[in-house]
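Trainee: Each chain, written out:
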Amino acid sequence: MSTPTYMDYSATTPVDKRVAEQMIKHLTMDGDFGNPASNSHYYGWKADEAVKKARQQVADLIGADSKEIVWTSGATESNNLAIKGIAHFYHKKGKHIITLKTEHKAVLDTCRQLEREGYEVDYLDPLPNGLLDINVLKATMRDDTILVSVMHVNNEIGVIQDIEAIGNLCREHKIFFHVDAAQSAGKVDIDLSKLPVDLMSFSAHKAYGPKGVGALYVQRKPRVRLEAQMHGGGHERGMRSGTLATHQIVGMGEAFAIAKAEMANENIKIRALRDRLLAGFDGMEEVVINGDMESRIPGNLNISFNYVEGESLMMAISDIAVSSGSACTSASLEPSYVLRALGLSDELAHSSIRFTIGRYTTEKDVDKAIDLVRDKVQKLRDLSPLWDMFKEGIDISKVEWTAH
Amino acid sequence: MAYGEKVMDHYENPRNVGVLDKDAKNVGTGMVGAPACGDVMRLQIQVNDDGIIEEAKFKTYGCGSAIASSSLLTEWVKGKTLDEAAEIKNTDLAEELSLPPVKVHCSVLAEDAIKAAINDIKSKA
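Chains as they are written, first to last, in our numbering: chain A, 1 to 404; chain B, 1 to 125.
Chain A extracted, bound-state conformation:
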């Protein structure tokens, strides 16, 4: 059996072979396997050197100082550390936090936890294109607001928020600004020497690095302080204890160095493939693109094929690996909360497919996806009572359904 074509790069990316080659050098007896904190011998020094290099590589991609990088286990931990760390450290300044309804669960659930601890959180609705209305943010800010957390690039719809404008507004009001950049590093230019951002979360595995490692940028000037969430040996200037995973960190460094070198050309290639995919659906009826097409990363196409349920479409096109906003498997039967927050109807949210294109996608892959989708959408519409009703001119939103 041939393996399906991978088009789910926003879920994770394969590790670049060049990255894996570097990682392997930091594991075995004949490599630099030491504990970077062992500052009394050769093995520790070699590992520390490798970590320092990786720290610089990560800092270089995002225009930061290497001293502003805190290693974590991934963007989820970075988000937790940033949000809880700020809230707990600065709780005397205020207990109000603002975020967006379309954030990743790692941000939303962290905020929910803080609510249980007595903090107040406003979850803002985005505009129908997925972008944050800066005036809505402004109107929500209060004297006791301590933190705004907005993601750079949305994982489902790929839209890019204007973090410069949001950051400037936060600076004006002396509110800390955290950005979840898990989906943007290596895809969108980030220059933290200029951007008004206090904290930024990163993940390695969304950028051809390994899973299990990430970083949090913590601005030094002016200094941003955090309450640690993980206590122990005082690693990472006390902000995150735990022996550094040298090979993982080296992998993240190498992945980010490659991204810096190749991002500009790669984006051109990926954009062309995404546009080819989109053009391939030309002429199909009842197709809706979810999220803004202008302010969007090149590799994302989130599209709803109305009157076809997303999970069954995924099953029909199982020769390509994609994801869907349908959540037929979840007990709640709730479709994607991100698409719902854009104001999409439940059925359109259930009908959505997310294609994410990346480093190893080819024109052949895209053409295969187009043929498969066109064929199977037609097949499933022939099977769909909703499609029949649409063709008969019945407005489905006006039908009285027996919800279950």
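Bear in mind the hints are in silico, worked out from the structure with no lab data behind them.
Treat the hints with caution; some may be incorrect.
[Claimed, not checked] Below are the DSSO-like pairs computed for lysine-lysine, each with C-alpha atoms no more than 30 Å apart in a straight line:
(1) A:Lys-84 - A:Lys-194
(2) B:Lys-122 - A:Lys-391
(3) B:Lys-22 - A:Lys-376
(4) A:Lys-398 - A:Lys-379
(5) A:Lys-398 - B:Lys-122
(6) A:Lys-391 - B:Lys-115
(7) A:Lys-398 - A:Lys-101
(8) A:Lys-67 - A:Lys-46
(9) A:Lys-391 - B:Lys-124
(10) B:Lys-25 - A:Lys-391
(11) B:Lys-78 - B:Lys-22
(12) B:Lys-78 - A:Lys-379
(13) B:Lys-115 - A:Lys-398
(14) A:Lys-376 - B:Lys-78
(15) A:Lys-368 - B:Lys-25
(16) B:Lys-89 - A:Lys-379
(17) A:Lys-269 - A:Lys-376
(18) A:Lys-376 - B:Lys-57
Place chain B on chain A using the hints.
Mentor: Here is chain B on its own, set in the frame of chain A:
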């Protein structure tokens, strides 16, 4: 989620897809579910003069398990009387298709569909 063989078979080769004349006196239509929940089933049965279901057709918007549940149901009801068809339990469908717990609601919907179709035909008599 990985699907069982029988679900895949019904999904790839759905039986009895189609439409019967909903206004005919010997045709019963059951439309259950809701687009908002991600599944809608329309099941139609046609009864002959002896009270036997001689034809069954369906169309389903929903996941693979919902499509398979309704497809299997159309196979099962053919040749049965209305009373016999009303005896079909969702658990039988779920068992035959080896549905995992999160997909059992698809078989519940199929049971609702046949009940609704039977009620419809009885209301016409």
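Trainee: Now, for every hint given, state plainly whether the structure supports it.
Mentor: Right, here's what the structure says about each hint:
For a cut-off of 30 Å, the pair hint linking Lys-84 (chain A) to Lys-194 (chain A) stands: about 25 Å separates their Cα positions. Distance check on the hinted pair: Lys-122 (chain B) and Lys-391 (chain A) sit about 29 Å apart at the alpha-carbon level, within 30 Å; holds. Our distance criterion of 30 Å between C-alpha atoms is met by Lys-22 (chain B) and Lys-376 (chain A), whose separation comes to about 27 Å. Distance check on the hinted pair: Lys-398 (chain A) and Lys-379 (chain A) sit about 26 Å apart at the alpha-carbon level, within 30 Å; holds.
For the hint linking Lys-398 (chain A) to Lys-122 (chain B), the alpha-carbon distance of about 27 Å falls within 30 Å, and the restraint holds. Between Lys-391 (chain A) and Lys-115 (chain B), the direct Cα distance comes to roughly 27 Å. Compliance with the 30 Å bound is thereby established for this hinted pair. Taken as a hint, the Lys-398 (chain A) and Lys-101 (chain A) pair is honoured in the structure, with Cα atoms around 27 Å apart against an allowance of 30 Å. Proposed proximity of Lys-67 (chain A) and Lys-46 (chain A) is supported: the alpha carbons are some 19 Å apart, at most 30 Å.
For the given pair, Lys-391 (chain A) sits about 27 Å from Lys-124 (chain B) by alpha-carbon distance, which is consistent with the 30 Å threshold. Restraint check: the Cα-Cα separation between Lys-25 (chain B) and Lys-391 (chain A) comes to about 25 Å, which is no more than 30 Å; the hinted pair holds. The straight-line distance between the Cα atoms of Lys-78 (chain B) and Lys-22 (chain B) is roughly 18 Å, inside the 30 Å bound, and the hint therefore holds. Taking the CA atoms of Lys-78 (chain B) and Lys-379 (chain A), the gap is near 24 Å; set against the 30 Å cutoff, the hint holds.
Our distance criterion of 30 Å between C-alpha atoms is met by Lys-115 (chain B) and Lys-398 (chain A), whose separation comes to about 24 Å. Straight-line distance between C-alpha atoms of Lys-376 (chain A) and Lys-78 (chain B) comes to about 28 Å, which keeps the hinted pair within the 30 Å bound. For the hint linking Lys-368 (chain A) to Lys-25 (chain B), the alpha-carbon distance of about 47 Å lies beyond 30 Å, and the restraint is violated. A distance of roughly 29 Å separates the Cα atoms of Lys-89 (chain B) and Lys-379 (chain A); the hinted pair therefore holds under the 30 Å criterion.
Restraint check for Lys-269 (chain A) and Lys-376 (chain A): the C-alpha separation of about 27 Å stays at or below 30 Å, so the hint holds. Between Lys-376 (chain A) and Lys-57 (chain B) the alpha-carbon distance is near 21 Å, which keeps this suggested pair within the 30 Å criterion.
This entry does not satisfy hint 15, going by the numbered hints stated previously; all others are met.
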